Amino acid sequence: MALIDTINPLLTTGWSKGDAGWSLKDYEARGGYAQLKRILASKMTQDEVIAEVKKSALRGRGGAGFPAGLKWSFMPKAAPEKYVVCNTDEGEPGTFKDRDLLRYDPHSTIEGMIIAAYAVGAKRGYNYIHGEIFDIYQRFEEALDQARAAGYLGERILGSDFSFDLFAHHGWGAYICGEETGLLESIEGKKGQPRYKPPFPANFGLYGRPTTINNTETFAAIPFIMGMGGEAYLNLGKPNNGGTKLFSVSGHVNRPGNYEVPMGTPFAKLLEMAGGMRGGRKLKAVIPGGSSAPVLPADVIMDCTMDYDSIAKAGSMLGSGAVIVMDETVCMVKALERLSYFYFEESCGQCTPCREGSGWLYRVVHRIEHGEGRAEDLDLLNRVTDNMMGKTICALADAAAFPVRSFIKHFKSEFEYHIEHKKCLVDPEVQRAGSGFFRASSAAGAA
Amino acid sequence: MVEIEIDGKALQVADGSTIIEAAHKLGTYIPHFCYHKKLSIAANCRMCLVQVEKAPKPMPACATIATNGMKVFTHSEQAITAQKAVMEFLLINHPLDCPICDQGGECQLQDLAVGYGESASKYEEEKRVVPDKDLGPLVSTDMTRCINCTRCIRFTAEIAGFMELGQSYRGEHAEVMPFIGKTVDTELSGNLIDLCPVGALTSKPFRFSARTWELSRRKSVSPHDGLGSNLIVQTKHDKVMRVLPLENEDINECWLTDKERFSYQGLNSAERLTKPMVKQGGAWQEVDWNVALDYVSHALRDVAKTHGGEAIGGLLSPHATLEEMYLAQKLLRGLGSENVDFRLRQTDFSADGKRKGTPWLGMKIAAISRLDRVLVVGSFLRKDHPLIAQRLRQSAKRGTQVSVLHSADDDLLIKLTARAIAAPSQLPAVMAQIVKATLQLKGVAADAALAGVTVSTEAQAIAQSLVSGNEGGSGILLGNFAQQHPQAATLQALGHQLASALGGKFGFLGEAANSVGGYVAKAVPGTVNGNAGLNAAAMLKDPRQAYVVLGAEPELDCADGAQALAALSKAAAVVVLSPFKSQAMLDYAAVLLPVSPFSETSGTFINTEGRVQSFYAAAKPLGETRPAWKVLRVLGNLLDVAGFEFNSSEDVRAEALGDTPGFVSGLDNGINAVMLNLMASTNGLERVADVPIHFADSLVRRAPALQQARDSAAPTARMNKALLAKLGVAAGDHVRVGAGGTATVTLAAELDVGVPDGVVRIAAAHADTCALGAMSAALTVEKV
Amino acid sequence: MNKQYDMLSPEALGKIDREVAKYPADQKQSAVMAALVIAQDEKGWLPKETIAVVASYLGMAPIAAYEVASFYNMYDLHPVGKYKLTVCTNLPCALSGGVHAADYVKEKLGIDFNQTTPDGKFTLKEGECMGACGDAPVLLVNNKRMCSFMFPEEIDKLLAECN
Ligand SMILES: Cc1cc2nc3c(=O)[nH]c(=O)nc-3n(C[C@H](O)[C@H](O)[C@H](O)COP(=O)(O)O)c2cc1C
Ligand code: SF4
Ligand code: FES
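Residue numbers (my numbering), protein chains in the order written: chain A, 362 to 808; chain B, 43 to 826; chain C, -1 to 161.
Be a bit skeptical, because a hint or two may be false.
Unchecked claim - Footprint (simulated), chain C over chain B, 3 or more residues, beta carbon under 8 Å: (1) 200 to 213; (2) 219 to 225.
Unchecked claim - Computed cross-link-like contacts, DSSO-like style, restricted to lysine-lysine with a CA-CA straight-line distance of at most 27 Å: (3) C:LYS142 <-> C:LYS26; (4) C:LYS13 <-> A:LYS484; (5) A:LYS643 <-> A:LYS551; (6) C:LYS80 <-> A:LYS378; (7) A:LYS770 <-> B:LYS261; (8) C:LYS82 <-> C:LYS142; (9) A:LYS558 <-> B:LYS96; (10) C:LYS104 <-> A:LYS784; (11) B:LYS224 <-> C:LYS106; (12) C:LYS20 <-> A:LYS398; (13) B:LYS80 <-> B:LYS246; (14) C:LYS20 <-> A:LYS438; (15) A:LYS770 <-> B:LYS126; (16) A:LYS551 <-> B:LYS439; (17) A:LYS386 <-> A:LYS398; (18) B:LYS261 <-> B:LYS278; (19) B:LYS317 <-> B:LYS612; (20) B:LYS439 <-> C:LYS26; (21) A:LYS558 <-> C:LYS123; (22) B:LYS439 <-> C:LYS20; (23) B:LYS396 <-> B:LYS583; (24) B:LYS278 <-> B:LYS317; (25) C:LYS104 <-> A:LYS551; (26) B:LYS67 <-> A:LYS558; (27) A:LYS551 <-> B:LYS224; (28) C:LYS104 <-> C:LYS80; (29) C:LYS20 <-> A:LYS484; (30) A:LYS784 <-> A:LYS773; (31) A:LYS484 <-> A:LYS416; (32) B:LYS164 <-> A:LYS773; (33) A:LYS599 <-> A:LYS630; (34) A:LYS783 <-> B:LYS67; (35) C:LYS106 <-> C:LYS123.
Hints were generated in silico from the structure; no laboratory data involved.
From a predicted model like this one, the values you see are computed outputs, not experimental measurements.
Virtual Cβ for every residue (Gly too), placed ideally from N, Cα, C.
Build the full structure now, drawing on both the sequences and the hints.
Structure below.
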């Protein structure tokens, strides 16, 4: 059972009953589908819906933080065939919020997608669900059946002249399918190799048709925004950083789990909610937005608030809201080696700099970690990342480069020590103890 | 139009143009690997990164659309840094084995590494090794050299029409490969060799035989189908080592069929005839040219004297040059024979004397790509005219509706709108239905001849598609099978009528390199002396005392090989001018004169669109081989035929063509007053005979690598399920096939769901099936 | 055409048909991922003949299906044990015992990553992020069953359950 805690529960209101509160009747009891009903009954225009979302300053929760309302407004009005697609291919290391959203409250995402489809004029949608979470995929299929049976999906929804149907597409193990165009290729039954953009999905998306694609959390927020109004939602957070956000806190904290907090909540507060540092050890570093985001040393992150702008100012990215907490027992070379291996393993292989560079990075970090580093290796790593960044079709090459650059930048002495002494600054026994089996301190929070 | 600036030079380009296209217009080279103008844009190699003003990062020139006011810098520091970076990545896992690589000297990676690479990389890890793949007899692999540009994959999927290659696995493990255990079998596979920018895919027949810089190059023209693809023939010490496409957007674009690319191996075949030979007392002797020519002139003069000129027949290969055919017909006519023909596989000659002009494509080749409605009638299009099929494949993707009327349902790898598959005997009737339906849809009254015709749903669908097109945008194309059909004239008349009703184009897909040239050379009976003469079929049916055979192997190249063999065997004197010898020739001929194949002579082919394409010899004649035009000229002199004073092949061409126009005149597919013959009379099973792509002429038949290709599999008896069941035969069983006479052949039965009821499909032009006689003969089939 | 579709059971074909129905009629290929999963569930892994059958059933080139089968991690192109255990060792999990869990399984089964026990029962794989880092250590049994908080006792229990 994941641990949940929240201040100002919004998206997570339905999570309190754990696995017992996900079904349609529970959702309806919480006021679910009321917004869809209201929109259809009052014949709200598409533009009115989009305007409300724009007002909320809801930014995409998948990583890039692009304003959702603006994205919807890019959809061509006239096109006869359009799609909405939800991105639940949550594969960014450290991120596990979308899984819980679909596990505890799948209908909020479904309702959000229906409203989105209404707003952009789509008749069909897909939710792309991460391969490793089969039980969640099954639950989502069940939720779809419930929604269909209740008339929320299908032809002429709730007697209106709006029709929309939604299907689940199950992934099967490829991080790159989280990238939106890789995801679309994957739904089309191909390898998930990202497409060159432009054209963007709003013009050329699924099956070459205009497509709106958003993260699960983005869609899940929609019913709440429509319920409280864009303005009120915005005011929960900070200007330009509307609403609440789910943070998946993992690593060396006492209570790893998902925490919903208003945008702009101090990192220290979030850390406290997660039970503080495990074993009372000292915070060393935090990756604040999923493994692709640059790492920040303890002192820097402790001064940040958790929102797009503050984290960006500190030199990293809020990304997907995956907060990976590392204490003093962590060897930063080893940590980087594992992340570099991940990007090397997950590069889709089409772009030369990513295909060749991700392996190069991994091999050099690997040799430093294994006592075979050379004096010139840090320069080499920086040069290779320079040669990768901004030169590929999708951002995976950048994602592979950011950790390398930031780890070296902030923890250079540790790398130098490795190279010079052919061993780790942090005693291996200490490392092992710090990253050993750890039972979270209690099934705390609302769960 | 948008206006952009590249390296300070302004230009206007069409909306939607990419930066690389714009740069190309300016003559500015931007390095690239994955980009190819004929393929979809992958933008994966990242070699073409350039700086674009106001863009935060370098942009791929191949995929970035030019916008108004855009300023591009291809050589700025940002651009060069990016290009160098990509080059380094490309090279870290490349074996750098240029000294032993066939691509050496023409490798884009090698060239660019010199211009854009650093001298040494800091990459010191072990290089990746990728296992090689077996792609079949034509394309060799060195997959460790592959840079994953995916051009080859896109070629198979987009140009050849079926994805035979893919990139499996991912990231650094990505590997280009066919499906496990499969080879690449498209008839266009050789183009992969040209497309691969490195030495990962190279020519198997050429492998390690020469370094590219040792080769001399000559432009030439393909001697195979009617397209007349432009070639670069490469030789080393006067031996043809390799054939490559010479790009010509109006003809072959940048492609070649495998037949065109690899048939050169036949030029070096052990069956080359290299010395004149004369049969004396049943034994063959190699002799000097003057002895042989003397012998020939005496033999022909004797026959003409004793039996009259009409006792001589001339069978000319439609792959012979214009000059050769022109001199051959002139020689025969000089001897008093009007029996000369190059239309060896034709069976219906009832249009002779009624044609308004020379049958041709009816349009320019390039215009095929602009048709918006197409009906292909009686054509094994993908194998008979692979590059025309390729054009239609691309058109169909752009929205052109292509329909087919045929007696076989081979997958053309073209998205078809409608199709009618009927037994050969029904082809004219279904064609008549299409005409009738079209006239009805157009609201035009059909003439009496069509009164009894009932329109089938298939014919209706085809008509509907044709009528729905743009005014003047439709094309009706008659393929080889239609031209070889026993009611070819009816099909022609109906095709012409259909095109007229649509206001569209009507044409013949020329079977051979000189299918138009043969008419122009007057290598058909009845065109000179007002004397009817005998056509190819008639002069075999009604055997002659003597034959002059030029470049053909009548037992394989004629509509009825068995009959041809019989006629030749009975003749008193058969004079063969050929680059090759065969056992059959040794049996029936009296004299064998070694004449040049296309690569060893100058000459002219007039392609199916009427384009005059002359070429020079690429190599010296092998042994004592001589260009056929010279041999014929000497024979003309020896036989005292007037007007044989030619000093060069150009002289011959000038006499045949006048002042050598770009395109010949007199092309016209119209036909006067033919009686439509819609009646189908068959007894027994009908035969559908295709001429397999690698058996169509004497050169390709002798190209060993092509003979190992999947397209060269031994002929089988292909039948649909119903017929197999009726005969009590299972696929794979052997069946005995007869054609009325005493001869039978034994073949394996094969299931082909595309064969119509009551029809057996058996390939022609093959030694295994020659005994079956006429390509259109009725058959008996029984289980062995 | 009866292209040896009997290589897959009627139930499997039925399931594939249900997946096909999720997509527009001219987009059958969209169901290839699901179809390969269904085929793998039935066969235990994906022999090339099975991939070819799936490709032909969906009207795609066999190599296009192979591209898919070789791109996504959880397709098995080689036989695996009855139980395929995939342990996530990515950084977030590793910080909370992911590597320890993998080591523990290795020791219990006497095999390393990408190996199968001699009795053919277990295959061990190293996994990438499964989107469940809060539940570390996590492991996946036969691609579909996720096990959270896999401490030694839980691992023992799981291994005992598998028979
Ligand atoms: C390598 C890579 C992986 C990504 N993975 C995910 C993911 O797992 N989930 C997700 O929602 N977005 C992911 N994204 C971002 C998506 O491309 C896309 O921006 C997002 O789905 C848009 O939704 P949003 O605007 O609601 O955030 C990824 C991007 C990249 C470049
Ligand atoms: S950057 Fe890497 S993952 Fe992204 S498209 Fe290019 S090769 Fe694939
Ligand atoms: S040529 Fe532009 S990316 Fe390859």
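Here's how the hints hold up against the structure:
no.: 1; hint: 200 to 213; result: holds (count 9)
no.: 2; hint: 219 to 225; result: holds (count 6)
no.: 3; hint: C:LYS142 <-> C:LYS26; result: 24 Å, holds
no.: 4; hint: C:LYS13 <-> A:LYS484; result: 24 Å, holds
no.: 5; hint: A:LYS643 <-> A:LYS551; result: 46 Å, violated
no.: 6; hint: C:LYS80 <-> A:LYS378; result: 36 Å, violated
no.: 7; hint: A:LYS770 <-> B:LYS261; result: 60 Å, violated
no.: 8; hint: C:LYS82 <-> C:LYS142; result: 10 Å, holds
no.: 9; hint: A:LYS558 <-> B:LYS96; result: 17 Å, holds
no.: 10; hint: C:LYS104 <-> A:LYS784; result: 25 Å, holds
no.: 11; hint: B:LYS224 <-> C:LYS106; result: 42 Å, violated
no.: 12; hint: C:LYS20 <-> A:LYS398; result: 25 Å, holds
no.: 13; hint: B:LYS80 <-> B:LYS246; result: 24 Å, holds
no.: 14; hint: C:LYS20 <-> A:LYS438; result: 25 Å, holds
no.: 15; hint: A:LYS770 <-> B:LYS126; result: 25 Å, holds
no.: 16; hint: A:LYS551 <-> B:LYS439; result: 20 Å, holds
no.: 17; hint: A:LYS386 <-> A:LYS398; result: 15 Å, holds
no.: 18; hint: B:LYS261 <-> B:LYS278; result: 15 Å, holds
no.: 19; hint: B:LYS317 <-> B:LYS612; result: 25 Å, holds
no.: 20; hint: B:LYS439 <-> C:LYS26; result: 19 Å, holds
no.: 21; hint: A:LYS558 <-> C:LYS123; result: 35 Å, violated
no.: 22; hint: B:LYS439 <-> C:LYS20; result: 26 Å, holds
no.: 23; hint: B:LYS396 <-> B:LYS583; result: 23 Å, holds
no.: 24; hint: B:LYS278 <-> B:LYS317; result: 22 Å, holds
no.: 25; hint: C:LYS104 <-> A:LYS551; result: 34 Å, violated
no.: 26; hint: B:LYS67 <-> A:LYS558; result: 24 Å, holds
no.: 27; hint: A:LYS551 <-> B:LYS224; result: 20 Å, holds
no.: 28; hint: C:LYS104 <-> C:LYS80; result: 16 Å, holds
no.: 29; hint: C:LYS20 <-> A:LYS484; result: 13 Å, holds
no.: 30; hint: A:LYS784 <-> A:LYS773; result: 14 Å, holds
no.: 31; hint: A:LYS484 <-> A:LYS416; result: 25 Å, holds
no.: 32; hint: B:LYS164 <-> A:LYS773; result: 21 Å, holds
no.: 33; hint: A:LYS599 <-> A:LYS630; result: 16 Å, holds
no.: 34; hint: A:LYS783 <-> B:LYS67; result: 56 Å, violated
no.: 35; hint: C:LYS106 <-> C:LYS123; result: 14 Å, holds
Of the numbered hints listed earlier, those contradicted by the structure are 5, 6, 7, 11, 21, 25, 34.
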